[in-house]
Structures are given as structure tokens and as C-alpha cells.
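Colleague: Add chain W to chain P, keeping to what the hints say.
Which chain is which? The protein sequence lines are P and W, in order.
If you use our numbering, the first sequence corresponds to residues 14 to 210, in order.
If you use our numbering, the second sequence corresponds to residues 14 to 210, in order.
Heads up, some of the hints might be wrong.
Because identical chains cannot be distinguished in the list, a pair is counted as satisfied if it fits within a single copy or across any two copies.
[Stated by the list, open to error] Straight-line alpha carbon distances no greater than 16 Å define the calculated EDC-like cross-link-like pairs of lysine to aspartate or glutamate that follow:
{"id": "1", "residue 1": "Lys78", "residue 2": "Glu171"}
{"id": "2", "residue 1": "Lys83", "residue 2": "Glu171"}
{"id": "3", "residue 1": "Lys137", "residue 2": "Glu151"}
{"id": "4", "residue 1": "Lys113", "residue 2": "Asp90"}
{"id": "5", "residue 1": "Lys183", "residue 2": "Asp161"}
{"id": "6", "residue 1": "Lys110", "residue 2": "Glu93"}
{"id": "7", "residue 1": "Lys137", "residue 2": "Asp161"}
{"id": "8", "residue 1": "Lys165", "residue 2": "Glu93"}
{"id": "9", "residue 1": "Lys165", "residue 2": "Asp90"}
{"id": "10", "residue 1": "Lys78", "residue 2": "Glu129"}
{"id": "11", "residue 1": "Lys137", "residue 2": "Asp153"}
{"id": "12", "residue 1": "Lys183", "residue 2": "Glu155"}
{"id": "13", "residue 1": "Lys113", "residue 2": "Glu93"}
{"id": "14", "residue 1": "Lys27", "residue 2": "Asp153"}
{"id": "15", "residue 1": "Lys83", "residue 2": "Glu129"}
{"id": "16", "residue 1": "Lys172", "residue 2": "Glu79"}
{"id": "17", "residue 1": "Lys183", "residue 2": "Glu151"}
{"id": "18", "residue 1": "Lys165", "residue 2": "Asp139"}
{"id": "19", "residue 1": "Lys172", "residue 2": "Glu72"}
{"id": "20", "residue 1": "Lys20", "residue 2": "Asp58"}
Hints listed in this document are in silico derivations from the structure and should not be mistaken for laboratory results.
Protein chains: 2
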Amino acid sequence: MNSENAKDSAEHKKDKHNHKLIEQIEKLTAEKDEIFAKLQRLSADYMNYQKRSARQISEAIAYEKESVIKSLLPVLDNFEHSVNGAEKVEDAESIRKAVKMIYDQFLAILKNHEVEQINAVGGKFDPAYHEAMMNRKEPDKEDFTVLDEFQKGYRLGEKVLRPARVIVNKLPASEAESAQEQNPPQQSDTDNPENED
Amino acid sequence: MNSENAKDSAEHKKDKHNHKLIEQIEKLTAEKDEIFAKLQRLSADYMNYQKRSARQISEAIAYEKESVIKSLLPVLDNFEHSVNGAEKVEDAESIRKAVKMIYDQFLAILKNHEVEQINAVGGKFDPAYHEAMMNRKEPDKEDFTVLDEFQKGYRLGEKVLRPARVIVNKLPASEAESAQEQNPPQQSDTDNPENED
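Next comes chain P alone, as it looks inside the complex (with noise of 0.2 Å):
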């Protein structure tokens, strides 16, 4: 009797566990099955980010290009006007003076969008804004000036659209050394903003 009834809780036990693990299967199972949903709408979240994303990038560029376009056109205008309203005039100088109001207000628009041009001519030779195209020999200014430029850099912010091709004084290693007595280092003229004071 005794070993009966042992038994008997022996069972009871193991029924209780044996609902305590079906308990937990069924809690597992939903955990299980909450996760996956997550991942099923996080995945198709991310599919849905790329495509837009990829939309994202090609109207950004679009406008973009649209909005720097736009901002030429008073350019253009003028050039129109000057070109068509230029027939009429005979005096060169008039038309010159209209050249260069065109210039100047075309060079005024890329500004605002932060292209300017590279200062060369006068500074100290520097390779990461200017491209020596030839030395010449200018003994009474200091080794490595940029004496001319045969095309003008520009830059958009900090990088360079294109450097300034430029004509750079180089003396020989005797005259150098005095010229540079003479004429003491100057600051560079490149608007480099890492040399800047």
C-alpha cells in the first residue's frame, strides 16, 4: 500500500512536469512565432527603404542638377540679351563692359554654390591647387612663386574642380638661396583653407 501510494505521487509528479513542459512549448511557440512576424515586417520594411532609397537618390540628383541649372539662367539671359541687343551697338567697349557684367555675375551664381576660383598668380607654388605646366627664371622673386597662369582652377569648397595651370619661377640653388634673403617667404595666395592663419 504504502509503495502504491508512492508510486501514485510518483505519477502525480510527473503529470505536473509533463504540463509545466507542454506549458512551456506553448509559450516558446508563440515567442517563436511573434519573432518571425517581426522579421517577416523588419524584411519587408528593408525591401521597402531600398526601393525608396534608390528613388530617394535619383530625384535628389535630378533636383540637383535642376536647381543648379536654374540658377544659370539670368546668365544665360544676359548673354541673350548682349548678344542680340549687341548687333545694334558699335562701340566695342560698351559691348566689353557688358562681357564682363556677364562674367562677373556668372562667377557671382557659382559662389553661391561655393566654386570659386583658385588664386595662383603671386602665391607660393602649391601642388594640391596648382599644376606646373613650365619653370621660368625670375631671379628677383622667390623660388617656386607662380609667376603666370595659362588656365584658371577652380575649386568647389574644399575640393578642387581643376587646379590652376600655372608658369612657376625656379631658381638655381645658388640663387634661390638669396632670393630668398631678399624676399622673405609670403604667404601662399591659394585661399587653402588648411594654410590659412
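Modeller: Using the frame of chain P, we list chain W on its own:
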């Protein structure tokens, strides 16, 4: 003895069942962990993609701006030559020719960016491409013909950057009819792709 055997057998079955439940719990736990790990990886990927995407958009904008402006540097070069070179030229006709060439170059570069002038004068008024600044009455021309242009219009691909500002022919009803008979309606000259044959 028999009842005891039966009990032992039931107990054995319960043990077996129990064992299966534990196996199922282990399996479910492993599956849940796996899905959770996937969710975490996807979530990290998504976050990285969002960061990268924001960077890609700003890079694409910068690249587009750079590319449009770079393409215009030859115009600026010729401008500069004409402004500087023109100092020596006293002949208005030569300067005029130079300006016309730069203008044409400018328009050609814009055409590479799909930017074109909207043709207006002589065609039929089209509110999608033209903005009527005033009306005039020219009885020998068809009603709603664009007579003159105050300001050039521009479009980028299909999109109007700026409509052409125009003067439109507006005839009284009676004259409009007779003009219609004398001058059969002509195809609009707006380069509107939807109007093209």
C-alpha cells in the same frame, strides 16, 4: 502484480512522452534563437543601410553638382579669354562674334544635360510652355499665335525649368475666324514631345 505492471508500463510511457516534450522544447528554443539571431543581423544591416543611404544621397548630390559645374568650366575659360583678350581688340564685330560663340557653347553644354530652349515665336500659344505677358492684335496671323518673346523659356528633359514669357496674338471673334481660314492652324513649335507626330 498485473496492476503493478500496468502502472509501470503507464509510467514508462509517461517518461517517454516527457522525453519527447523535452526534445521539442530544445528544438523550439534552438529555432527561436536562430530566428532571433536573424532578426538581430537584419536589424543591424537595416541600420547600416539607412546610414549608408543618407551618405549616398549627399554624395550623389555633390557629384551631380560637381559634374554640371565641371562641364561649364570651358565656358568660363572662353569668357575669361574674351574679357581679358578683348582689351586689345577694338573691333566690335570680333567681340560680338566671340560672345556669340561662347553663348552657343554654353547652350551646347546645357543640351548635353538635356536642357533646351523652348521654341515659342511663330508657334501656337501653349500654357504648358509659355507664359502670356500681354496680348497684341495682328489680324494677318492666326489667333493665339506667339508673336514675340520677352524672355526665353528652358526645359530640362520633359520638365519646364521656366516657361517662355511671350506676347500672344488675340483677335476679336470675327477676325479670328477669317484668320483661321487664311492661315490653317500650324503645328506648335514648342518641341513638346506630346505634340509630336
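Colleague: If a hint holds in the structure, say so; if it does not, say that too.
Modeller: Cross-check of the supplied hints:
1. Lys78 <-> Glu171: between (20 Å within a copy, 14 Å between copies)
2. Lys83 <-> Glu171: between (24 Å within a copy, 15 Å between copies)
3. Lys137 <-> Glu151: Answer is within; shortest intra-copy Cα gap is 14 Å, inter-copy 65 Å.
4. Lys113 <-> Asp90: Both. Shortest intra-copy (15 Å) and inter-copy (13 Å) distances satisfy the 16 Å Cα cut-off.
5. Lys183 <-> Asp161: This pair counts as within: shortest intra-copy Cα distance 13 Å, inter-copy 59 Å.
6. Lys110 <-> Glu93: both (15 Å within a copy, 13 Å between copies)
7. Lys137 <-> Asp161: within (12 Å within a copy, 54 Å between copies)
8. Lys165 <-> Glu93: Between copies only: 9 Å across chains, 25 Å inside a chain, cut-off 16 Å.
9. Lys165 <-> Asp90: For Lys165 and Asp90, only the inter-copy Cα distance (7 Å) is at most 16 Å; the intra-copy one is 25 Å.
10. Lys78 <-> Glu129: For Lys78 and Glu129, the Cα distance is within 16 Å only across copies (14 Å; inside one copy 19 Å).
11. Lys137 <-> Asp153: Within one copy, since 14 Å is at most 16 Å while 68 Å is not.
12. Lys183 <-> Glu155: within (9 Å within a copy, 71 Å between copies)
13. Lys113 <-> Glu93: The answer is both: 14 Å in one copy and 9 Å across copies each meet 16 Å.
14. Lys27 <-> Asp153: neither (106 Å within a copy, 107 Å between copies)
15. Lys83 <-> Glu129: between (19 Å within a copy, 12 Å between copies)
16. Lys172 <-> Glu79: Classified as between: cross-chain Cα gap 9 Å, same-chain 22 Å, threshold 16 Å.
17. Lys183 <-> Glu151: Within one copy only: 8 Å inside a chain, 71 Å across chains, cut-off 16 Å.
18. Lys165 <-> Asp139: within (14 Å within a copy, 43 Å between copies)
19. Lys172 <-> Glu72: Answer is between: at 13 Å across copies they meet the 16 Å cutoff, but 24 Å inside does not.
20. Lys20 <-> Asp58: Classified as neither; 57 Å inside a copy, 56 Å across copies.
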